[in-house]
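Q: Based on the provided sequences and hints, a complete structural model is requested.
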Amino acid sequence: MKKEIVGMLLAGGEGKRLGLLTKHLAKPAVHFGGKYRIIDFTLSNCSNSKIHTVGVLTQYSPLELNRHIGIGKPWDMDRQRDGLATLSPYTAQDGGSWYKGTADAISQNIHYIDQYDPEYILVISGDHIYQMDYRKMLEQHKETGSEATISVMEVPWDEASRFGILNTRENLEIYEFDEKPANPKNNLASMGIYIFTWASLRNYLIEDMKKEDSSHDFGKDIIPAMLNDDHRMFAYRFDGYWKDVGTVKSYWEANMDLLEEDLSLSLNNREWRTYSHDSHYPPHYVDQDGKVNNSLVTSGSWISGSVNHSVLFERVDIGKGSVVEDSILHPSVSVGSDCTIKRAIIMEETVIPDETVINGEQYDEPVVINQQNIADFNGVKGGR
Amino acid sequence: MKKEIVGMLLAGGEGKRLGLLTKHLAKPAVHFGGKYRIIDFTLSNCSNSKIHTVGVLTQYSPLELNRHIGIGKPWDMDRQRDGLATLSPYTAQDGGSWYKGTADAISQNIHYIDQYDPEYILVISGDHIYQMDYRKMLEQHKETGSEATISVMEVPWDEASRFGILNTRENLEIYEFDEKPANPKNNLASMGIYIFTWASLRNYLIEDMKKEDSSHDFGKDIIPAMLNDDHRMFAYRFDGYWKDVGTVKSYWEANMDLLEEDLSLSLNNREWRTYSHDSHYPPHYVDQDGKVNNSLVTSGSWISGSVNHSVLFERVDIGKGSVVEDSILHPSVSVGSDCTIKRAIIMEETVIPDETVINGEQYDEPVVINQQNIADFNGVKGGR
Amino acid sequence: MKELMGLINIEHEHDFLEELTYFRCGAATPFAGRYRLIDFTLSNMVNSGVDEVAVFTNHKYRSIMDHLSTGADWELARRHGGIFILPPDWNDPSDISKGDLRHFHNNRDYFHRSTAEHVVISGSQFLANMKYERAFERHLETDADVTCITVPVENVLPEHSPQLRINEDENGWVTGFSNDPENKNVFSNVYIIKKDLLLKLVDQCIAYHKDHFFMDGIKDNLPDLAIQSFHYRGYTMFINSVESFYRNNMSLLEPDHFKSLFFKNHYIRTKTSNEPPVKYKEDSSVSSSMLANGCVVEGEVQDSVLFRGVNVAKNATIKNSVIMQRCKVEEGAYLENVILDKDVHVSSGQKLIGSKEKPFIAAKRQRI
Amino acid sequence: MKELMGLINIEHEHDFLEELTYFRCGAATPFAGRYRLIDFTLSNMVNSGVDEVAVFTNHKYRSIMDHLSTGADWELARRHGGIFILPPDWNDPSDISKGDLRHFHNNRDYFHRSTAEHVVISGSQFLANMKYERAFERHLETDADVTCITVPVENVLPEHSPQLRINEDENGWVTGFSNDPENKNVFSNVYIIKKDLLLKLVDQCIAYHKDHFFMDGIKDNLPDLAIQSFHYRGYTMFINSVESFYRNNMSLLEPDHFKSLFFKNHYIRTKTSNEPPVKYKEDSSVSSSMLANGCVVEGEVQDSVLFRGVNVAKNATIKNSVIMQRCKVEEGAYLENVILDKDVHVSSGQKLIGSKEKPFIAAKRQRI
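Residue numbers (the numbering used here), protein chains in the order written: chain A, 1 to 384; chain B, 1 to 384; chain C, 1 to 368; chain D, 1 to 368.
Honestly, the hints are just simulated from the structure, not real lab data.
Some hints here could point you the wrong way.
[What the hints assert, rightly or not] No more than 27 Å apart at the CA atoms, straight line, and that leaves these computed lysine-lysine pairs for DSSO-like:
#1 K271(D) - K364(D)
#2 K364(C) - K342(C)
#3 K2(B) - K200(C)
#4 K210(D) - K60(C)
#5 K271(D) - K73(B)
#6 K142(A) - K50(A)
#7 K320(B) - K364(D)
#8 K131(C) - K195(C)
#9 K2(A) - K131(D)
#10 K281(C) - K73(B)
#11 K98(C) - K200(C)
#12 K351(C) - K319(C)
#13 K98(C) - K60(D)
#14 K210(D) - K195(D)
#15 K291(A) - K351(C)
#16 K3(A) - K264(D)
#17 K358(D) - K364(C)
#18 K195(D) - K50(A)
#19 K73(A) - K142(B)
#20 K351(C) - K2(B)
#21 K291(B) - K281(D)
#22 K271(D) - K3(A)
#23 K73(B) - K50(A)
#24 K259(C) - K2(B)
#25 K100(B) - K23(A)
#26 K259(D) - K195(D)
#27 K243(A) - K281(C)
#28 K271(C) - K271(D)
#29 K200(D) - K364(C)
#30 K100(A) - K23(B)
#31 K358(D) - K342(D)
#32 K2(A) - K259(D)
[To be verified] Residues of chain A clear of chain B, computed beta-carbon distances all greater than 10 Å:
#33 K2
#34 G70
#35 D78
#36 P89
#37 D178
#38 S214
#39 Q288
#40 K320
Beta carbons: idealized from backbone N, C-alpha and C, even for Gly.
A: Laid out in structure tokens, this is it:
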């Protein structure tokens, strides 16, 4: 069954820098934004861009991730002959191997892609937060007759050395890829979103598999190899909101960003919905002592305390006299009475006893709390 | 969410003895019975036994298998909080490992089972053909207060030494497990279907994981260990049809068995349906020259030749003047005119040219034909 | 355990909700922020392990079909069993059945094809979060023909008046049905009946040109039937008028009531949606209120129920009100004792005030 | 490409099939072994990339609802878009629309919520395996208001007589509609129309109390509209009488016809089932016949269509017949020129013979 374009979504990374959040959970499955998981954003982008044939490459702690994505129903990808497929490492007659890099994960699934005989292939990651119409990028790819199109965004010049920078001609044709350049020549950073002409990429993947010294990575190996062969490659400019939630700090920031008034990314955008699963919890309740400002609050929650500048997931209880600020509370967190919680990320089902004080303001990164480590962070009330 | 019983379906084996049939395909996904795949029988057993929480353990070439089972819709297992889950090998913070044996596959997914806090666990394989009500076995398990119940069938005494034999007391309590005994004391062979009391099995699995010399196999390690500790274990007698389709010969036989009149297993049994996917092919057509006897024929096929004692899958064409006997033709096989095909298994999408003669009668096992090896088997017409 | 099949019969329920039921049937009336009345009964059945449920609908059934859809949100999208929404569509010229007997007669298949031996039957106007298991056990233990679930109420409220009252002896056997306002043992319209008996009574009702299965087939046959009364003592509501609809929405805002209905037992299931979390802005002020996902709140909300996707602009005030899906209340508007149906748009500065006894009601899609 | 939305309008189709349509509407009539008439149109739409389809049903819509269900078998079980089965359920007392305009009027939402700018509209009685892409391209190229798909037939058959004929100029512009039996350019009742125009014509028809959207809104407005005629030259059938139903079933048994309808283009989709492969027993003898899954054949079958799950016992003979789902034909029975509806049971030794012109018909569930 022929498809013009097939999406390959890399969702197997361990996300080490997210620490506790990814201890038993694949990074794309981490809770985000009050009722979503990180991967919902890219899956919704595919669905809204009408790309319904998507392979999701999983490897690290995939149980919850698999349960979440299922056969893709929330994203309208539960289809008979195409739709969503979960591609995990497997064995074959010549043995099996784990996915060794982003490119290797795709290479090991060439037979999956070949089923659809696509013209193009979209390679994306399951750990970025953004809303983007891939069709527009595909249109540019076709118009320019590129072998590869890489989505880029402008970053401040003084931060450019932290990114993979694409050096382009005026027409956005790429002539060089600079990974974290000391003296950047440009400020267009790669967002890790690629469209390739499949026939061309396929050859590079097969070549790359043979190279023993390759790290089998798109940025480090495939793109440089293609540039080296003088292939026609273009950058695609993206102006909207984009965030890699790779660290606890950036994860926290991205959640807090959702509370901004004029963010270009909006969960309330009815033209570009973010899809996920919905629960059967009742509407949340704010009682006569509750106070909520500048926050997201979700079904099943019960607010008797004060919540400010925070993101609360489903079924969160905030006891009387408690104050929650600058924090993210995952599903089924229960905060007792007279607690103070600042700049903290509280993980699923943590029960916080009365009068607990957790103040993340004293640390560089927001603190991540679960039932096991809560005692380590519990300060003395009034001691802030 | 508590469940009384959770099913764990082992579907990761390579099925080496099926040769070509499993070269690129997990054994449970091999076509069977005219429109099914082997795993449909065990999944339908679960569904008919109202066990809707099932983990399917995959490892070897799972792409088609995954696509086939999806989230379990044909078996009514597409549920929100339980239902079917595909459990493939994964990495965790301490690295990853492949499933090393039947018990190891379960051990690596203890966290999956624990979610449902089950009393009992059903362990089955995805490569047996039978129709069985697991509830009845569970009833016996509860009545006898066993730690483990193993399903057994009587085999002829002179074949008993080819099986894993359970030596039991008169009340069916097991006191010994004899793997392929030279001098069998009993003729009750294990069918590889187990019900365990989860709390008990869980301990044995954890102990077994620590043993470096263990092969991590239920039959070789777990059951003997439990017997060794004098646990209460019973055999459960099964009288119906059961077949392990582990070799090309047994695969062929099991297909041919479906043509028997008085087989206790029936695809037409409306009380115990075998579920699978259905296609959108039109009804099959037998033209004025076609002749079909003693066979199974499926949607989309076109019969202009003569078909006897054979199983034809979907979208099979049999040309004029051709004779097909004692054979299995997988989906989309096209047989030209004036061919003779005897005792052969023709794999998916093979196109057989006019006047081809394939005679499997001269070999010990039926021949397995695909597009690549067809020339090796093509004999001279009339040379039979 | 012998299995139980379900039937929700709304044939005899009228559309009591004035503007709110011009285009939907009573059972499809939105309630408590994200539900419809029928969700409570349907969830109770599903949570009690019933996995085949038929719905006998009357007119305006599109609202029910749209809401229940495939039944997937109630785990009832099954290949076998599941949900059967049965609108009136009958074409047998020889059919002489009347009233709800037409449903029973034309949908006999539903009862025959199931292996269940008992049927739990309910309307949509009795709301509780209950499981039927205990009533069913009792039904089987006493070998009753019919078991009626009753609610012993403390105070008789206006919404109880149309409900039958039940007299019973010391062993729970029903000795009489009445509408005696002094009798505080109120019938919930939920009952369990042996399937064979049901089919027999259906035949009998049809033969005698009756038109109400419960009244004619069961109540009037009391002398010949062994009918048990099973008392349910949890939190309950009867919704059968605008007044009871509004009052019960308000009453649910008492924390104890809210918790009894939603957190004491299983969750009530409803149609799922894609709404994001509620967004509270800088100046929002909300108290004693329930808010469904998708709302954006900048103004003040007190003692109110906000359904999905409601927008409350800066300096707008909402008090003692029920605001349904996707309403927009603009800057400076003031609403008190108001019911807004879906998609109502209240312009800047408007003031709408109803009374507690007679709230101000705005029908769907109005601009005010 | 500008998108296309679909509408299957069976409001004006009558139930032509005598016993076979007592309990189902014409569109739900079983055809060709495993299909219903409506499957052909619906599949054509889906295979042309249309992913929102509304069905305006008339009476006896339960048969359509049961068959189409969630639309999943046509890949139309979508969260957005997908299938909308719209039975007549209208409750607006101020509604003055009549005929099929009531559907258009009461389901305006369907047209408004879509971003598609054109609508392909069809009935259920024209059967073909075609894609609408080429007609749509032509519709856009010529900037037509309406594009009618026509079939230039060689021989005028009885089933063509109720169909409109179309006169056109050399550029394909329609110059007239008629029922002239000499005109061999038969209108298929499939047409593509600009959505804005559709909504405008609906308003106009309602204002003037019209009751037939195509006849009153399009045909009678021909002078003011630019209407293209697009010729379709593949294998086609019109099924609008028992005679044409039977003859076309038989005609499909010609290998060329069968291949043209089923293997030339995409597959026709239908409701999937769980039937096993057909089991041919030792003494079976089958020729020039199509058999759907689930049949068990021991006897003789010639020039016949067997639907799912039919049982043909030893020494039974079936010739030139259409045998629907789950019929049982017992030992020694002889059937020639017969149509059996679902679940008919023909006892041992029975002989049923109809004529080619007037086949013997047995209604659902009879025992003969």
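Q: Next, verify each hint and record whether it holds.
A: Okay, the hints, checked on the actual structure:
1. K271(D) - K364(D): holds, 20 Å
2. K364(C) - K342(C): Within the cut-off at roughly 5 Å; holds.
3. K2(B) - K200(C): violated, 39 Å
4. K210(D) - K60(C): Cα-Cα ~25 Å, so holds.
5. K271(D) - K73(B): Judged against 27 Å, a Cα distance of about 15 Å means the pair holds.
6. K142(A) - K50(A): holds, 17 Å
7. K320(B) - K364(D): This hinted pair is violated, its Cα atoms lying about 38 Å apart.
8. K131(C) - K195(C): Status holds; Cα separation ~20 Å.
9. K2(A) - K131(D): Within the cut-off at roughly 17 Å; holds.
10. K281(C) - K73(B): At roughly 42 Å apart (the allowed maximum being 27 Å), K73(B) and K281(C) break the hint.
11. K98(C) - K200(C): Holds: K98(C) and K200(C) sit about 16 Å apart, inside 27 Å.
12. K351(C) - K319(C): The given pair, whose Cα atoms are some 12 Å apart, holds under the 27 Å limit.
13. K98(C) - K60(D): holds, 19 Å
14. K210(D) - K195(D): Given that 27 Å is the threshold and the Cα spacing comes to 19 Å, the pair holds.
15. K291(A) - K351(C): Roughly 25 Å between the alpha carbons, so the hint for K291(A) and K351(C) holds.
16. K3(A) - K264(D): Holds: K3(A) and K264(D) sit about 20 Å apart, inside 27 Å.
17. K358(D) - K364(C): violated, 55 Å
18. K195(D) - K50(A): Satisfied, since the Cα-Cα distance of roughly 23 Å is no more than 27 Å.
19. K73(A) - K142(B): violated, 38 Å
20. K351(C) - K2(B): violated, 52 Å
21. K291(B) - K281(D): Holds, because 12 Å separates the two Cα atoms, which is no more than 27 Å.
22. K271(D) - K3(A): Within the cut-off at roughly 25 Å; holds.
23. K73(B) - K50(A): holds, 24 Å
24. K259(C) - K2(B): holds, 23 Å
25. K100(B) - K23(A): Holds, at roughly 24 Å.
26. K259(D) - K195(D): Violated, at roughly 35 Å.
27. K243(A) - K281(C): Roughly 23 Å between the alpha carbons, so the hint for K243(A) and K281(C) holds.
28. K271(C) - K271(D): holds, 25 Å
29. K200(D) - K364(C): holds, 25 Å
30. K100(A) - K23(B): With a Cα-Cα distance of about 24 Å, the restraint between K100(A) and K23(B) holds, given a limit of 27 Å.
31. K358(D) - K342(D): Given pair K358(D), K342(D) holds - Cα atoms ~19 Å apart, limit 27 Å.
32. K2(A) - K259(D): Status holds; Cα separation ~23 Å.
33. K2: At about 16 Å from chain B, K2(A) clears the 10 Å cut-off, so the statement holds.
34. G70: violated, 5 Å
35. D78: violated, 8 Å
36. P89: violated, 6 Å
37. D178: holds, 31 Å
38. S214: holds, 20 Å
39. Q288: Q288(A) is indeed farther than 10 Å from all Cβ atoms of chain B, at 34 Å.
40. K320: Non-interface label stands for K320(A): nearest chain B Cβ at 30 Å, farther than 10 Å.
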